[in-house]
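Produce the entire structure from the sequences given, and follow the hints as far as they go.
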Amino acid sequence: MRSVARAATTTDAFNAIAEPRRRQILDVLARGERPVNDLVSELGLAQPQVSKHLRVLREVGAVDVRDEGRMRVYRLNGAALRPIHDWVKDFERTWSERFEQLDAVLDDLQQEEDDDR
Amino acid sequence: MTGSATASVTLPADDQIMIVREFDAPRELVFRAWTEPDLVRQWWHAGRGEMTVCEIDLRPGGSWRYVMVTPDGTEVAFHGEYREVAPGERIVQTEIYDPFPDAAAVDTLEFEDLDGRTRVTMLVQHRLKEHRDAHVESGMEDGLQDALDLLEGVAQSLV
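Sequence order for the protein chains is A and B.
Counting with my numbering, you get residues 1 to 117 for the letters of the first sequence.
Counting with my numbering, you get residues 1001 to 1159 for the letters of the second sequence.
Keep in mind the hints are simulated off the structure, nothing from the lab.
On a predicted model such as this, the values are computed, not experimentally measured, just so you know.
Note that the Cβ used here is the ideal one computed from N, Cα and C, for glycine as well.
Some hints could be false.
[What the hints assert, rightly or not] To spell it out: a stretch of chain A is covered by chain B in this simulated footprint if at least three of its residues, at any positions, have a beta carbon under 8 Å from a beta carbon of chain B; those stretches are:
no., region
1, 90-99
2, 102-115
[As the list claims (entries may be wrong)] In silico negatives: residues of chain B with every beta carbon more than 12 Å from chain A:
no., residue
3, Thr1010
4, Arg1021
5, Pro1026
6, Ala1033
7, Asp1038
8, Thr1052
9, Gly1061
10, Pro1071
11, Arg1083
12, Glu1084
13, Val1085
14, Asp1115
Below, the structure written as structure tokens:
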């Protein structure tokens, strides 16, 4: 029930992960932190494109970056993505609980019908 | 209790959310339970409060309004309008959560007869569309399902 209210605060993260290449980056980073060069070779994209996607992901906090010598190393920040997961799970939980109540209502209705027969 | 499976929730597109659930009851009964106020009052609260308002004017152009009050006094109110009503089969309605009056979703409900059982499919077309439009060139036609699967793992690692 609160799911609609939550959507307003998660749309940025929704936007960021709506793009398949960015999801691919998150997928790679989910296995551990990576320097930009690794991401470039794993994704088979040009460095400027990868950097562009990483910038979007950084803006919503989905990834963090640190400097290691001359390398920029990226890692996933799952906490920033958690609102999306929670939003969907909350929706799912609410409806599952409603449906359990509905099962009981339907049992009663069927009982009434059987009694009328 | 019938012990039906839990609801399946998927994201067919980035602005849609779909719930599918089967019920161990004939379609007419499921439709009644979904559309008669006395029956809706018994389940829509999901065990989280009491429904104080349940108004259903089930015809195209007719309106509906549900209000629930939780034990701590919080009022949760939704309303909308029916766009299509095919008794026993299908309902298309708008859905507005009162605190966000500009954010109407459109729900499409299908009631499918499975030889005595009933499958209900509810597709919520969300207001995230305006955000999707900004991304329409970037190929997110895959929807968010992949991301959701990924996040499932990510969120578990955060516990």
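Results for each hint:
1. Counting residues of the region 90-99 of chain A whose CB falls under 8 Å from any CB of chain B gives 8; the rule of at least 3 is met.
2. Restraint check on the region 102-115 of chain A versus chain B: 9 residues with Cβ-Cβ distances below 8 Å, three needed, restraint holds.
3. The non-interface label for Thr1010 (chain B) is inconsistent with chain A: the shortest C-beta to C-beta separation is roughly 9 Å, within 12 Å.
4. With a least CB separation of 5 Å from chain A, Arg1021 (chain B) falls inside the 12 Å interface cut-off, contrary to its annotation.
5. For Pro1026 (chain B), the non-interface assignment is contradicted: its Cβ lies about 8 Å from the closest Cβ of chain A, within the 12 Å cut-off.
6. The claim that Ala1033 (chain B) lies off the interface is violated: its Cβ sits roughly 5 Å from the closest Cβ of chain A, which falls inside the 12 Å cut-off.
7. Its beta-carbon lying about 10 Å from the closest one in chain A, Asp1038 (chain B) breaks the requirement of being farther than 12 Å from that chain.
8. A cut-off of 12 Å between C-beta atoms confirms that Thr1052 (chain B) is not in contact with chain A; the least separation is 14 Å.
9. Interface exclusion of Gly1061 (chain B) from chain A stands, the closest Cβ pair being 23 Å apart, more than 12 Å.
10. Distance to chain A confirms Pro1071 (chain B) as a non-interface residue, since its nearest Cβ pair spans about 14 Å, more than 12 Å.
11. In this structure Arg1083 (chain B) is separated from chain A by more than 12 Å, as the shortest Cβ-Cβ distance comes to about 19 Å.
12. A cut-off of 12 Å between C-beta atoms confirms that Glu1084 (chain B) is not in contact with chain A; the least separation is 21 Å.
13. Against the 12 Å criterion, Val1085 (chain B) stays outside the reach of chain A, whose nearest CB is about 19 Å from its own CB.
14. With a closest Cβ-Cβ approach of about 16 Å to chain A, Asp1115 (chain B) is found to remain outside the 12 Å limit, as its non-interface label requires.
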